[in-house]
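Participant: Protein chains in written order, with our numbering: chain A, 1 to 345; chain B, 1 to 168.
Just so you know, these hints were derived from the structure itself, not from any lab. Glycine is no exception: its CB is placed at the ideal position from the N, C-alpha and C atoms. Incorrect hints may have been included.
Taking CB as the label site, the calculated pair distances span [what the hints assert, rightly or not]:
no., chain 1, residue 1, chain 2, residue 2, range
1, B, Ser2, A, Asp115, 53 to 63 angstroms
2, B, Gly136, A, Ala185, 21 to 31 angstroms
3, B, Gly155, A, Ile52, 51 to 61 angstroms
4, A, Pro309, B, Val88, 55 to 65 angstroms
5, A, Ala57, B, Phe6, 26 to 36 angstroms
6, B, Tyr7, A, Ile329, 42 to 52 angstroms
Which chain A residues face chain B? A few, computed with CB under 10 angstroms, are given here [as the list claims (entries may be wrong)]:
no., residue
7, Leu42
8, Ile102
9, Ala103
10, Trp139
11, Asn157
12, Phe345
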Amino acid sequence: MDAAFVIEKFILVAVIFGVSLLIAMYSTYAERKVAAFLQDRLGPDRAGPFGILQPLADGVKMFMKEEIVPATSNRWLFMVGPGLAMLTACIASAVIPWGSPIAIGDRVISLQVTDINVGVLYIFGVVSLGVYGVMIGGWASNNKYSLLSAIRAASQNISYEIAMGLSIIALLLLTNTLSLKEIVAQQHGWHWNVLYQPVGFLIFMVCAFAETNRAPFDLPECETELIGGYHTEYSSMKLGFYLFAEYINMFISSAVMATLYWGGYNYPGMDYVAATLGTTWAPLIGTAVFFLKIFAFIFFFMWVRWTIPRFRYDQLMNLGWKGLIPLAIANIIVTGVVIAIVEKF
Amino acid sequence: MSTQVFYLVATLSILFSLMVIFAKNPIHSVLYLILTFFTFTVHYVLLNAQFLAVVNFIVYMGAIMVLFLFVLMLLNLNKETEPAKSPVVKIAAAIAGGCLIVTLIGSLKAVSINSPLSLQDPGLGLVENLGKELFGPFLLPFELSSLLLLAAMVGAVVLAKKDHTEEA
Chain A
1 MDAAFVIEKF
11 ILVAVIFGVS
21 LLIAMYSTYA
31 ERKVAAFLQD
41 RLGPDRAGPF
51 GILQPLADGV
61 KMFMKEEIVP
71 ATSNRWLFMV
81 GPGLAMLTAC
91 IASAVIPWGS
101 PIAIGDRVIS
111 LQVTDINVGV
121 LYIFGVVSLG
131 VYGVMIGGWA
141 SNNKYSLLSA
151 IRAASQNISY
161 EIAMGLSIIA
171 LLLLTNTLSL
181 KEIVAQQHGW
191 HWNVLYQPVG
201 FLIFMVCAFA
211 ETNRAPFDLP
221 ECETELIGGY
231 HTEYSSMKLG
241 FYLFAEYINM
251 FISSAVMATL
261 YWGGYNYPGM
271 DYVAATLGTT
281 WAPLIGTAVF
291 FLKIFAFIFF
301 FMWVRWTIPR
311 FRYDQLMNLG
321 WKGLIPLAIA
331 NIIVTGVVIA
341 IVEKF
Chain B
1 MSTQVFYLVA
11 TLSILFSLMV
21 IFAKNPIHSV
31 LYLILTFFTF
41 TVHYVLLNAQ
51 FLAVVNFIVY
61 MGAIMVLFLF
71 VLMLLNLNKE
81 TEPAKSPVVK
91 IAAAIAGGCL
101 IVTLIGSLKA
111 VSINSPLSLQ
121 DPGLGLVENL
131 GKELFGPFLL
141 PFELSSLLLL
151 AAMVGAVVLA
161 KKDHTEEA
């Protein structure tokens, strides 16, 4: 392990972390602008041109607010909760290939922090840990509504994880590998997995909405029933962390969906571009395409939030257990049969 | 280097397992248990069993412990509601535990540490090899255990259904 390699990875980690935070920050702005657009309003437009400095103003506001730790709460866990939410939101980005390797001079730099051979499962594991921040925070608040929200989050997370796992299995039948790098490489040009696994993608996307606690599945923070949900007792930047973690989760799950199903950094005509621009600039265009896809997904998340009303809790469970799981199993069987037939003939 | 890491992680495993038992609050116990499972994951990685590591991570840390927490939060157990055991039970438990430790020490004494255990095939724990092993030589036990799990699942659903009709 030479020093250049360590420095290179360190820079990559720092950049990914910074970009995640920046995108999460501007997602809050985008969310309000999209909501405004969908509701025929203007949205935030006071801070800077087009309200572009709004996230900064919000951040400063969050930091300046009084910090309250409830007297009856479990102090230590109360503080761990938001930290854990941020941690689990950020670590999933380590295995996502952000672009094809870039050649600078005679050095080839991989735009993936680490290519572990169980990348898909790693993402899945991190997703399943994501609920701990909510659960611990909700329990430590020592508030009935927070506790109810924590319990809802746990059951929702567990339920939708199953359907998500099953939808990934159907995908893995096609890819024959668990490494995200290879999964993306297989989708060269326009051979995107969504063309072969449309049902699997649909299930995965619905589950991603549920796992990130986004509307229409944001029952853990259902204001009409639970005040603020698990973050009722939180104030100042601890609250900010919870809200922020949700946007990072949204960013990461968009990236995962784009990687697994929508070809990652691949796009039609990439061979021509690679031949024309060389190995330094072509990968950057691929990365730009990848981010375009991510932004499209983030927009979709917001679009859905401001279009579809929140589910009722029993509807959520019915959809998860009686709708998505049987559908995912059927998808696996059909995929398996088709693969067997194709291989035979 | 991996030996030092092993000793560090092993110490942490033992420490966290002890904390599981000694923590007064059941929720704290579960949280320490999660940390214990995390150290197990690190052990699997050290043994180059990446698939097992990540499955341990997903299943135990991500799913089973969430359910534990879920149940504990639902019951809302705490120090005050914990029932006090009678002295007879405590003595019986101490004797049973003592017997177990004697047995364990007795069996461990027979193991001699002559050379550090080395893996015959470092790639054994990788997904591909594990899959080939499971669906090759160990196909029957694998399928049987999956049948067992299916039976348990169906049983749980049947029990839940039965409750439902009685209420209605």
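Participant: Taking the earlier hints as the rules, which of them does this structure contradict?
Facilitator: Hints 1, 5, 7, 8, 9, 12 are the ones this structure does not satisfy, whereas the remaining hints hold.
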